[in-house]
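Sequential numbering of the sequence shown, starting at 1, is according to my numbering.
To be clear, the hints were calculated from the coordinates, so they are not data collected in a lab.
All residues carry an ideal CB built from backbone N, CA and C; glycine is no exception.
Misleading hints may appear alongside valid ones.
DSS-like cross-link-like pairs, simulated, lysine-lysine; straight-line CA separation at most 30 Å [to be verified]:
#1 K210 - K196
#2 K404 - K470
#3 K187 - K278
#4 K259 - K404
#5 K196 - K225
#6 K454 - K110
#7 K396 - K384
#8 K517 - K196
#9 K16 - K233
Quick list of the computed label-pair ranges, beta carbon to beta carbon [what the hints assert, rightly or not]:
#10 P466 - Q247: 17 to 27 Å
#11 A440 - L41: 25 to 35 Å
#12 R2 - E533: 39 to 49 Å
#13 E439 - R2: 23 to 33 Å
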Amino acid sequence: MRYQRQALEWMYCREKEDPKGGILADDMGLGKTLTMIALILARKPTERIEAANDDEDDEGNGCEWSLKLKYYPGGTLIICPASLLRQWEFEIKSKVSGNQLTTCIHHGQKRESKRKLLRTYNIVITTYTIVNNEYKVNGPLFGIEWKRIVLDEGHIIRNHKSQTSVAVCSLRGLCRWVLTGTPVHNKQMDVYTLLKFLQYPQLDAPTYWKRCVGKDQLHLNTILKTLMLRRTKAQLQDMGELSNLPQKRTELIEIELDKDERKVYQRVMDYTHEVFAKFLKQKAESYEIFVLLLRLRQICCHPGLIVSMLQNGDGPQISFESEASDSEFDDVQQMSSESEAMKSEFDLLNKLVTDDNSETVRDILSNSAHGDWDASSISKASTKVLKQSNSVFDLKRPSSKMRKALEILTTSVLKTNDKAIVVSQWISVLEILGSHLEEAGISTLAFNGQIPVKKRQDIITEFNDPSSKKRILLLSLTAGGVGLNLIGANHLLLFDCHWNPQLEAQAQDRIYRVGQKKSVTIHKFVCKDTVEERIQSLQKRKLALADSVLSGGKGAKLTRDELEHLFGMDKR
Numbered sequence: 001m002r003y004q005r006q007a008l009e010w011m012y013c014r015e016k017e018d019p020k021g022g023i024l025a026d027d028m029g030l031g032k033t034l035t036m037i038a039l040i041l042a043r044k045p046t047e048r049i050e051a052a053n054d055d056e057d058d059e060g061n062g063c064e065w066s067l068k069l070k071y072y073p074g075g076t077l078i079i080c081p082a083s084l085l086r087q088w089e090f091e092i093k094s095k096v097s098g099n100q101l102t103t104c105i106h107h108g109q110k111r112e113s114k115r116k117l118l119r120t121y122n123i124v125i126t127t128y129t130i131v132n133n134e135y136k137v138n139g140p141l142f143g144i145e146w147k148r149i150v151l152d153e154g155h156i157i158r159n160h161k162s163q164t165s166v167a168v169c170s171l172r173g174l175c176r177w178v179l180t181g182t183p184v185h186n187k188q189m190d191v192y193t194l195l196k197f198l199q200y201p202q203l204d205a206p207t208y209w210k211r212c213v214g215k216d217q218l219h220l221n222t223i224l225k226t227l228m229l230r231r232t233k234a235q236l237q238d239m240g241e242l243s244n245l246p247q248k249r250t251e252l253i254e255i256e257l258d259k260d261e262r263k264v265y266q267r268v269m270d271y272t273h274e275v276f277a278k279f280l281k282q283k284a285e286s287y288e289i290f291v292l293l294l295r296l297r298q299i300c301c302h303p304g305l306i307v308s309m310l311q312n313g314d315g316p317q318i319s320f321e322s323e324a325s326d327s328e329f330d331d332v333q334q335m336s337s338e339s340e341a342m343k344s345e346f347d348l349l350n351k352l353v354t355d356d357n358s359e360t361v362r363d364i365l366s367n368s369a370h371g372d373w374d375a376s377s378i379s380k381a382s383t384k385v386l387k388q389s390n391s392v393f394d395l396k397r398p399s400s401k402m403r404k405a406l407e408i409l410t411t412s413v414l415k416t417n418d419k420a421i422v423v424s425q426w427i428s429v430l431e432i433l434g435s436h437l438e439e440a441g442i443s444t445l446a447f448n449g450q451i452p453v454k455k456r457q458d459i460i461t462e463f464n465d466p467s468s469k470k471r472i473l474l475l476s477l478t479a480g481g482v483g484l485n486l487i488g489a490n491h492l493l494l495f496d497c498h499w500n501p502q503l504e505a506q507a508q509d510r511i512y513r514v515g516q517k518k519s520v521t522i523h524k525f526v527c528k529d530t531v532e533e534r535i536q537s538l539q540k541r542k543l544a545l546a547d548s549v550l551s552g553g554k555g556a557k558l559t560r561d562e563l564e565h566l567f568g569m570d571k572r
């Protein structure tokens, strides 16, 4: 397509500039993988891969060759999530004729350990985890001067303090590329690590960024205009580039919690209000508050998910551990750090009011002003509702949200020739929903981080096969939110709300991408009068921030009022 040829020309030129490379930030599903393969092919005549010499000394540990400063010249190193390994391999084999590009999958316990062999391939494909592991021991990936390093889903390194980020930035390479449809997830600082990886001058220290770039939106926009190419589907459609891309519509599914679910939700919300009041008095950790918010979100999916926080006795025993994924806890910690920085602004204690049927924060503060904080009142009020024996926690009992999902799947999807993907950040939610589908005689496929890497492509192939009888895929948000091509489906059910709206956007673009033939429907589930509605407003703020960084608009800072709104403690 013309827009891909334009991207190829831009990338070809960027490899002749300093820094060599850049950020290809085209919208998800617009063929960034194919464009990169085209670049590798286009540049191949100017590159020379040396043959391995068996006489070369490649023995000994990494420290020895590192001290000798002996780095072998290599080809292109592609780093991607494990779920995309085979997809990259498939795209190269299917799009490139003959043996024009020799390819090696560098993964698993039996992966190649000698640099002199790895450097002979035109393309080496590995994962962020392998790079991280080899960084610790000066493995073979770090003994090669790569012609080109490509980060697929490059936003993965956005936390500059993470070991993965440090490891990736330590690789030696002449040209460096970041492929991502979502360069900004939570904050402007997300871009810093991407520019550091590209070796943009003077950005080797976060202090310089904070002093000279982070506070200057215009300066950052100027840098990105040079180093980043971004086109959205909407922009290309307006230009007449994607005339064959079908329509996409988003349907908001508002769920009313039933009476029993509402009682559980309200009791935990009351408990959260007390902890928040304690936090305002600096007697509780902010992290505890956000874990409680995590529990509230789980109740919206199914109350049985919070059973680990309950005692068999007379009241709630809150646990601050959870099944939540690492990426989700990263977001929880980010939210916690934002609120920590705002403690000095919490001067409105007498203004905060809870929901109509709850105790006011003023009363809670008054009750606890003359002694240590005590949750006994909540415990007594919650005796019956928060007992494990309460039938509302029975996983065999579908929640209100699950009943609606089952209704949509059985009527809008299975009665037609369509296929659907159900997305949740919790594998346990997908397992519960899957069990109810199985009871109804409906077979499903599952794709999550627990599936062995070797089997993942087989699952994708089976699901995308038009003749497959398994027409529902239960997809983990973190495992399936990046890079996958799932155009066999044209319905996607976003079962729960995530702090990070970019993860949801990535999930949507698994089915809404070039090659999709059917109209696409996104079913976004939100429980009314719950924290899910408030998360939606935070999602809008984050999307506005991302737009401001990428397009030069004005960003939105997290306000005190928004934090109150998140807790349901704003004035009505």
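Let me make sure I understand: some of the numbered hints might not hold for this structure. Which ones are they, in numerical order?
Numbers 8, 11, 13, in rising order.
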